[in-house]
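Work out the full structure, taking the sequences as your base and the hints as a guide.
First to last, the protein sequences are chains A and C.
Quick note on the numbering used here: the first sequence kicks off at 1 and runs consecutively.
Quick note on the numbering used here: the second sequence kicks off at 1 and runs consecutively.
Some clues are possibly wrong.
Claimed, not checked - Covered stretches of chain C (in silico footprint by chain A; criterion: 3 or more residues with CB under 8 Å from a CB of chain A, positions within the stretch not fixed):
| # | region |
| --- | --- |
| 1 | 87 to 93 |
| 2 | 121 to 128 |
| 3 | 131 to 137 |
| 4 | 145 to 156 |
Bear in mind the hints are in silico, worked out from the structure with no lab data behind them.
Just so we're clear, the structure is a prediction, and the values are computed from it rather than from any experiment.
All residues carry an ideal CB built from backbone N, CA and C; glycine is no exception.
There are 2 protein chains.
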Amino acid sequence: MEEMTDALRRAFPFWEHLSQAEKERLVDHTRPLHYPKGGSVHRGDEDCVGILLVKKGQLRVYMLSEDGRDVTLYRLFEGDVCILSASCVLEAITFDVCIDAEEETDVFQISSQTFRALSEQNIYVKCYGYQLTTTRFSDVMWTMQQILFMRADRRLAIFLWDEISKSGSDEIHMTHEQIARYMGSAREVVSRLLKYFASEGIVTLFRGGIRIVDKNKLRGLI
Amino acid sequence: MEEMTDALRRAFPFWEHLSQAEKERLVDHTRPLHYPKGGSVHRGDEDCVGILLVKKGQLRVYMLSEDGRDVTLYRLFEGDVCILSASCVLEAITFDVCIDAEEETDVFQISSQTFRALSEQNIYVKCYGYQLTTTRFSDVMWTMQQILFMRADRRLAIFLWDEISKSGSDEIHMTHEQIARYMGSAREVVSRLLKYFASEGIVTLFRGGIRIVDKNKLRGLI
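So, in structure tokens, the structure goes:
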């Protein structure tokens with residue numbers, strides 16, 4: 001009980017703005033919960049499990065398409081607070097995500113009803129919810145940046161693969177400028193990616209060309 | 001002046017929680033501003049123009065990759081409030097976006113400094129900022145769902161359908177490049193799909209635009 005109160009005080013910056021009665025209400029409606037590895041925590045709009053404070057383990061938050069493909073948005077670890085599992089409480093959230101436990105995970109769960117009631121009567125609680133959601137927005141934007149714009153690495157990998165398949169040689173004698181033109185990209189982008197491929201041990205670079213040193217890794221990018 | 005005060009009162013739910021001095025400060029640091037069609041409003045972390053209340057016109061908020069490709073996140077119209085143009089004020093926002101005026105656009109601009117000062121002294125202002133950002137998060141998630149999971153042909157069909165529904169005309173005067181930008185796709189993809197739509201008798205293509213010739217078939221793709 002004391003461990004829990006302590007954890008809540010440390011996790012929530014609005015704690016000092018709560019009345020004694022509000023603090024008690026929060027503690028009374030918080031409970032420890034365990035999710036087994038691989039267990040489902042939250043499924044779109046089917047439930048509203050509430051705010052989860054991660055004590056141990058890992059939660060994965062992801063989007064699911066109708067045909068079952070998924071995209072990881074971000075992961076939460078010890079000390080993180082999961083807010084999208086209480087998306088029903090925050091009316092400005094109109095989308096749904098899924099959340100799974102990636103490891104054996106222990107959390108403190110604050111019920112949605114309690115969080116809703118507190119955020120309606122205390123502006124600091126409400127503000128905390130939206131501020132935390134904005135932090136997750138930042139996480140998602142970082143992920144999207146990778147997904148949407150990192151496609152260039154795949155295009156380059158495909159290009160290199162095609163070249164060595166065509167020529168039967170492991171060496172490609174082309175400048176970065178020429179490759180960029182073939183790919184419809186910019187020289188700077190190609191140079192940056194080739195440097196990255198080199199640091200990953202996929203290629204080595206030499207004057208006027210590229211040597212593929214790990215075909216399996218290259219293939220893995222396609 | 002009175003028009004401006006009126007607009008602020010209507011736009012901001014925190015208005016009633018402001019002291020008289022805070023109201024005066026807000027009004028004193030708000031000014032009308034015009035952006036020409038195509039003009040840049042905000043560029044990543046290069047500036048912090050403040051909160052923009054759209055009076056007339058349209059703002060487009062988008063992500064830009066290093067090699068210049070862009071993905072539209074959402075659009076703002078009359079009566080909407082642009083918050084990411086003041087991202088420097090909200091510390092939970094750690095990403096950057098770009099904002100352009102898509103039409104001749106008139107706004108009321110509240111300076112970043114003023115909004116920062118008000119949100120530091122008044123929790124209702126701060127809460128408003130984060131709540132509005134969460135609403136935009138919802139917009140972005142909707143867009144991402146389209147981009148990541150929906151087949152490009154369906155997205156193009158939805159786009160064309162929306163355009164003719166908005167304009168009431170069967171003709172869309174846009175280049176493939178422009179459509180690709182709106183859809184967060186590539187010109188080559190749009191051109192290939194339009195050629196396919198044409199071969200199916202759904203559209204005919206003319207220089208600078210597209211004519212929808214079979215609305216039922218188009219609808220069937222949605």
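Outcome of the hint check:
Requiring three or more residues with a Cβ within less than 8 Å of a Cβ of chain A, the coverage given for the region 87 to 93 of chain C holds, as 3 such residues are present. Coverage of the region 121 to 128 of chain C by chain A holds [criterion: at least 3 residues with CB-CB distance below 8 Å; count 4]. Counting residues of the region 131 to 137 of chain C whose beta carbon lies closer than 8 Å to any beta carbon of chain A gives 7, which reaches the threshold of three, so the coverage claim holds. Coverage of the region 145 to 156 of chain C by chain A holds [criterion: at least 3 residues with CB-CB distance below 8 Å; count 4].
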